[in-house]
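Novice: One-letter residues, chain by chain:
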Amino acid sequence: MPHSFTAADSADATDASADRIVEALGSWGFEVDAPVATTRTLLDTFDGRLHRAGLRLELRRGTGADLVLAAGSGSPPAVLPWSGEAPRTVADLPAGPFRARLAPQVAERALLPMIVVRSQRREARRRDRRAKPVVTVVVDDELRCVDQPEAPLPAWFAQVVPVVGHDDDLARTVGRLRGLGVAPDDREVLDVALAATGRTAAGRTSSPTVPLDPADGALDAFRAVLRNLLATVVDNLPGTLADLDPEFLHELRVAVRRTRSVLAQGRGVLPDDVRDRFRTGFGQLGVATGPSRDLDVYVLGWHEAVAPLQLDPSVTDPLLAALEDRRAAARAEMATVLRSPATEALLGDWDDWLTDPDVHAGEGDPPIGEVVARRVARAQRALLEHGRAIDRGSPAEALHDLRKDAKKLRYVLECFGSLLPAKPRKAFVTQLKDLQDNLGAHQDAEVQLGALRDLAVELHERDGADADVLLAVGRMIGELDRRRQEARDDFHARFAAYDTKRNRALLDELARRARP
Amino acid sequence: MRIVATYSIKGGVGKTSTAVNLAYEASRAGTRVLVWDLDPQGSATYLFRVRPKVRGGSKRLVGGGELAAHVRGSEISSVHVAPADFSLRHLDLHLDATARPAERIAALLEPLADQYDLALLDCPPSISLASESVFGAADALLVPVVPATLASRTLNQLTAFLEGQDDPPRVLPLLSMVDRRRRLHRDLAEALARDWPDLLDTAVPAAAVIERMGVERAPVGLFAPRTAAAAAYRALWDEVAQALWPATVA
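Chains A and B supply the protein sequences, listed in that same order.
Per our numbering: the first sequence = residues -16 to 499.
Per our numbering: the second sequence = residues 28 to 277.
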C-alpha cells in the first residue's frame, strides 16, 4: 500500500504546502532534485486486464521517457526507456521479459490511455553512508488531468517510495511527514486522478443489468434499461470511430442488438410509434456496423485458423492483406454512417425520449416483474418449439433463426437480470450459453465460408491469383466446412442438453420469482 | 524467472564486472533483476553500494532462511541485491549440512520466481559443492574467458564436469578483457570461436573504464554510457536475452 500524503482539503491547499514538504525534506538530509514537468499516462486494455492481473503500466515522460511496469510490493518496477507515442499493442514492444510479462494479459487487445496526468514533479532521496538511496519521496504539484482539466485534483501530492531492505528509513520518513500535519493517503497519484474524473482502473463495464424492483412500473423500467444500453452505445462510439480496439465496435453492436431486442419485448409497454421508429433506426445501425465486425472477427482469428493448415506464409499473407483492405474499406463506410446527421439524430432523439420527464405511463401500466415473467416464458417457448423442429435435413437458416431466439431469451435474462434470483439465473445462462456457442460456431463458419469464397473470386478476377493462392483458399474453405459440419453434427446433443426437464423447471422457477 | 550465473574456475577473468554490468543493461531493457553475490569477497555487493552483511550469516540463510529477507534495493530501481559477506567462505560446509545441497540454491530462489525476471548469481572461482548447487539452479552459465593459451582447457574442464550432471545449465562462454591491439589476443579469440560454437559474439574489451567501476561504485553504463565497454555490455545483454527468451525474441 503506498505511503502518500496530500493537502487535507484541496480548496485549502496552496503551492506553499508542497514547498513546505520539500523544505522539510531538505532539512532532514534529503537531496532534492529540481522540479521537472512530468506527464504520466496509465495504459491498460479497455476492460482493465492489467489492473485485474495486479499490474500497472505507465508511460512516464519527464527528463527522459520510460515505460514503467509495476506489480505488487516486493517486486521492483520494470523500466523500459521509450521514445515516441505510447505503444498501442504489445507487438509494439521489443521482445524480451517486459513484453513477455504483458503479452499473456493483453493478448491482441489495444493498450489505451486510461488517464493522463501532468504535474511539476520533485524527487527527494535520502542516502546512507555508502551514498546508496534508502528512501525516496516524490512530490507532485500543479496536478492536472490532461483530458479533464476541471477535475478536482489536490494541489499537491507526495508519495514515499520505499527501498527494499530499508524499512526503518521508510518508517522514519512517514513519521516525520505525519508530524507536518498533512493528510495521509493510501493511494498513488494516478488513482487519485482516476477517482477525481469518475473513472476506474478496472476499465469499462458494459453490464446491461440495471437495478429494478418487480413492482416498478413497466414503462419506467424499460426506459431505465434502454437508457443504460444507450449509454453503452455512446461510450463505445469514439473508440469505434478511432479504431482503437475491435472490442469497442463489438460492445457497441451488442448494445444495439440488445436495444432492438428490448424494444421488441416492449410491445404493449412502450408506445408503438416510438418502438417502430427506433427499432428501424437501430436496425440500420446494426446493418451498417455488421460487415466491419465480421471482418474484425476474421482478421483477429486469422492466425489461429491458418496455423493448423501449415500453409506457406507467402501464400496466406496476400490473403490476409486483402482481408485487411476489405476491413479498412468496411470501416470507412461504417464511419461515414456513424458520423452522419442521421445517426446523430437517432441517438439524440432517443436520449431525449428516454430522459423526457413528461413521458408517463398510462392507465394499466403493469408491474415490470409481471411483464418480464411473461417475456421469459414466451422466448423460451419459441426457442424450444423451433429447436425441436430442427432435424438433419433442416436448412442452415433454421439454425441461424434459432440463434436469434436464443439471443432474445438471453437478452431478457440479462437486461432485466436484477429481477431474477442471481444464482439460478447464472446457472441457467450457463446452459443457454453452451447452446449459443454451438449455434455461434456454426454461424461463424457459414459467414467466413461466404467471405472466403467472395475473396477467392475477387482475387482471381482482379489479379489473376496464382494457383497456390487458390489452392490455399480451397484448403481453408475445406477446414471451415469441416468446422461448420462439426458444429452441425454437435447441435442435437447440445440442444438435448439444453432441453431437459431440469432446465425447463429452472426457467419456470426464474419466471415465477420475477413476479411481484 | 531465468537464472544465470557468472562463473569460472579461474579468478580475475571479469565475472563480477560482467554480472554488475549485465544487471544494469538488463534493467535498461525492462528486466527486473536480482543480483545474488555468492562470492565472500563481496565485490558485486561493494559495486552496488550495499552493506556487506548476511544477517545471521550464510549458515542461517542456507540452513532454512529466506533469501527475500536479505535482499536490498540499489541505486537502480529495478535491480535488487542479495549481498555477500565473509561468512560465505564457509558456504560449502553449510550446504553440506543440508539434506539436498545441490538443490539448495534453487530452493532459496524459488519463492522469488514471480518477483524477478532474472537472477544473476556472481560466483566465486572454484569447482565446489557451492558450484554444484549453482549448476543445479542455473539456466545458463555465463563464463568469461580471457584470451590466454589455457582458456580452452578451463572450458573443457567445466563442460566435462557438467556432462555428469542431470539437466546441466547451458554454457555461454564470452571473451573478456580482450585487447584487440595484441595479435595474440586476436589469434586466441579466433581459435576459441572455432573450438566453441556457443561462444558469444560480444567480446568485452580490456578497458580502464571497467577498472574505474571500483572508484565510481556503479556499472559502466551509469557513469560512462558512451564508451566501447558500455556498448559491449549492451550487446552482451542482447545476446544473453536472445538465449534466455527465445520464444519472445523475433
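Calculated from the structure, these hints are not laboratory results.
It cannot be assumed that every hint is accurate.
[Claimed, not checked] Restraint-style ranges between C-beta atoms, simulated for each label pair:
id, chain 1, residue 1, chain 2, residue 2, range
1, B, Asp193, A, Asp111, 53 to 61 Å
2, A, Gly284, B, Lys80, 51 to 59 Å
3, A, Asp451, B, Pro252, 22 to 30 Å
4, B, Asp228, A, Arg112, 37 to 45 Å
Every residue gets a Cβ at the ideal spot worked out from N, C-alpha and C, and that includes glycine.
Novice: Check the structure against each numbered hint from earlier and tell me which ones fail, lowest number first.
Specialist: The structure conflicts with hints 1, 3, although it agrees with all the remaining ones.
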